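Count along the sequence shown starting at 1, add 68, and that's the number in the numbering used here.
No wet-lab data here; the hints were simulated from the structure. Some hints here could point you the wrong way.
Unchecked claim - Estimated spans, in silico, between C-beta atoms of each pair:
#	residue 1	residue 2	range
1	299	273	45 to 51 Å
2	388	290	33 to 39 Å
3	273	406	34 to 40 Å
4	173	146	38 to 44 Å
5	167	143	41 to 47 Å
6	253	145	40 to 46 Å
7	459	494	26 to 32 Å
8	500	188	52 to 58 Å
9	402	451	20 to 26 Å
10	173	299	27 to 33 Å
Stated by the list, open to error - Within a straight-line C-alpha distance of at most 30 Å, the following computed DSSO-like cross-link-like pairs (lysine-lysine) qualify:
#	residue 1	residue 2
11	285	194
12	248	402
13	303	444
14	370	148
15	248	339
16	372	498
17	224	372
18	303	370
19	324	224
20	280	303
21	339	397
22	377	498
23	248	148
24	248	80
25	303	373
26	277	291
27	80	402
28	397	248
29	377	303
30	148	285
31	373	324
32	303	291
33	467	402
34	373	224
35	285	295
Computed from a predicted structure; not experimentally measured. Every residue, glycine too, gets a C-beta built ideally from N, C-alpha and C.
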Amino acid sequence: MKLYLNFPNHIKVAISAWISRIGIAIVQIFTIRMLTSYLGEEKYAVYVILYSLLAWCNLSECGVGFSLQNYISESRAAQKDYSVYLKTAFQIIVILFITFLSIAFSFSSYLQNFLLSNYLHISEVKNVNIVLIIISIFIFLTFVNISIKILYAMQKGIIPNVLQLLAYIISAISIIILNKYSNKNGSILLALLCFCVPQVLVMLIPFIKIFKTSFNKLFIVDKEILKQFTIRAMKFGGFAVMATCVLQIEYIVMAKTLDSNSIATYNIFGKLFLFIVFVYSSVLTAFWPVSNELFNTGQYLKLKKLLFKYSILGILFTIIGIAWIYIFKDYILKILAPNLNIAVGLLFFILFIIYYTMRVITDTCSVFLNSVNILKIFWVYTPFQSVISIFAQYFLSLKYGIYGIVIGSIISFLMIPIWLLPYKVFKVFKEMKD
69 MKLYLNFPNH IKVAISAWIS RIGIAIVQIF TIRMLTSYLG EEKYAVYVIL YSLLAWCNLS
129 ECGVGFSLQN YISESRAAQK DYSVYLKTAF QIIVILFITF LSIAFSFSSY LQNFLLSNYL
189 HISEVKNVNI VLIIISIFIF LTFVNISIKI LYAMQKGIIP NVLQLLAYII SAISIIILNK
249 YSNKNGSILL ALLCFCVPQV LVMLIPFIKI FKTSFNKLFI VDKEILKQFT IRAMKFGGFA
309 VMATCVLQIE YIVMAKTLDS NSIATYNIFG KLFLFIVFVY SSVLTAFWPV SNELFNTGQY
369 LKLKKLLFKY SILGILFTII GIAWIYIFKD YILKILAPNL NIAVGLLFFI LFIIYYTMRV
429 ITDTCSVFLN SVNILKIFWV YTPFQSVISI FAQYFLSLKY GIYGIVIGSI ISFLMIPIWL
489 LPYKVFKVFK EMKD
């Protein structure tokens, strides 16, 4: 305990984030068995497709969270007050929340018919606008989760790490209760609500605490700050849209090209692989504000060492983790999905090792570049990568199934970011040295 207290703050945050992310990953894996048992293969596939919409709903904050995180980190480095940025962010949040809820009400029925066209024979899908309900909750969750980035920027990352883990534990308990006591057999909507609503309610607490002083200043607008904030947020938001098209398109593609067994298989192993990704992403989440402060205080050598160290550790952890899952896959599937007929070969795991190794490198470079507000490069290459990813995944999945999805993702990374982003990072440090 004494040793822990002597660690630098970002290491403490990273440790708490590891514990939190590992706990969250365990909860998500733990709930697979209950959900597949409660819903069955076909309804579980629908659940997976609908839950994947969370990544797209996260775009509704339009870059406000990352912009605010950087403003706070920059203000802390310069020892300046950042309350005006909190107020401005809250004003933008209110506008965006109303706007995207209105869009959800207008287009949700069309989206449901498009995404779930292969599942309209399920009565719940046919008779209930599940997409509208779930998107509304996801939008709410997106905005309350902005408090996570704020607390990280304030070097209080331990608080959201604990709260997020608590929220997922409550979600798991809700799923257990649903599975045991629900009179409705296999309700997709109830399963989604049990898993998502606790997360909203828990993260609403720090959101209200952070923005409570902004409620009474909703109509007091600082036009210059609002303009600056909006421009920066649009840059982050635009990049987020393009990145989501690259990293989160697979479930939309699978909804149109693969059967329910393939979708369930991809999701179950995807959850297991995310266990590995969560650990590394927690390090990067804690690293973002540290990177910003080190860069703005001219500590370039220390920053370069951290980038290199995190990349190597991430790659090693990825290879070992996926290899471990392959070795014990049969035992894992007996525990998690005994009722489903799932079979994948060695190639599936090799492809994911290649994919996530590239992700470690590009994600590390991206976090650094985003933390110092170097965003133009993403606007230049990401649209091309998005198009490559969508077409490659679609056509390859038609021919090779879930293998085609992974190969399509790998192709999109090989074409551009795996070499471009490290080169850009090298150039940034070279310019600072010069």
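- Task: Assess, step by step, whether the Cα of residue 303 is no farther than 30 Å from the Cα of residue 373, and give holds or violated.
- Result: Between residue 303 and residue 373 the Cα gap is close to 28 Å, so the pair holds against 30 Å.
- Task: Could you say whether the range 52 to 58 Å given as a hint is met by the Cβ separation of residue 500 and residue 188?
- Result: holds (57 Å)
- Task: Verify the proposed pairing of residue 277 with residue 291, using a straight-line Cα cut of 30 Å.
- Result: holds (25 Å)
- Task: Please work out if residue 285 and residue 295 have their alpha carbons no farther apart than 30 Å.
- Result: It holds: about 17 Å lies between the C-alpha atoms, which stays within 30 Å.
- Message: Tell me if the beta carbons of residue 402 and residue 451 are separated by a distance inside 20 to 26 Å.
- Response: Violated: the Cβ-Cβ distance is about 43 Å, outside 20 to 26 Å.
- Pairwise hint evaluation, residue 224 against residue 373, where the allowed Cα distance is 30 Å at most: Within the cut-off at roughly 24 Å; holds.
- Message: Tell me if the beta carbons of residue 167 and residue 143 are separated by a distance inside 41 to 47 Å.
- Response: violated (28 Å)
- Query: When you check the alpha-carbon spacing of residue 248 and residue 402, does it fall within 30 Å?
  - Reply: holds (20 Å)
- Message: Please verify whether residue 280 and residue 303 have alpha carbons no more than 30 Å apart.
- Response: Measuring from Cα to Cα gives roughly 27 Å; hence the hint holds.
- Query: Under the criterion that the straight-line Cα-Cα distance not exceed 30 Å, is the pair residue 148, residue 285 satisfied?
  - Reply: Given pair residue 148, residue 285 holds - Cα atoms ~20 Å apart, limit 30 Å.
- Would you mind confirming whether the straight-line C-alpha gap from residue 285 to residue 194 stays at or under 30 Å? Violated, because 44 Å separates the two Cα atoms, which is more than 30 Å.
- Task: Could you say whether the range 38 to 44 Å given as a hint is met by the Cβ separation of residue 173 and residue 146?
- Result: Holds: the Cβ-Cβ distance is about 43 Å, inside 38 to 44 Å.
Violated hints, listed in ascending order, are 1, 2, 5, 6, 9, 11, 19, 23, 24, 27 and 31; each of the other numbered hints is respected by the structure.
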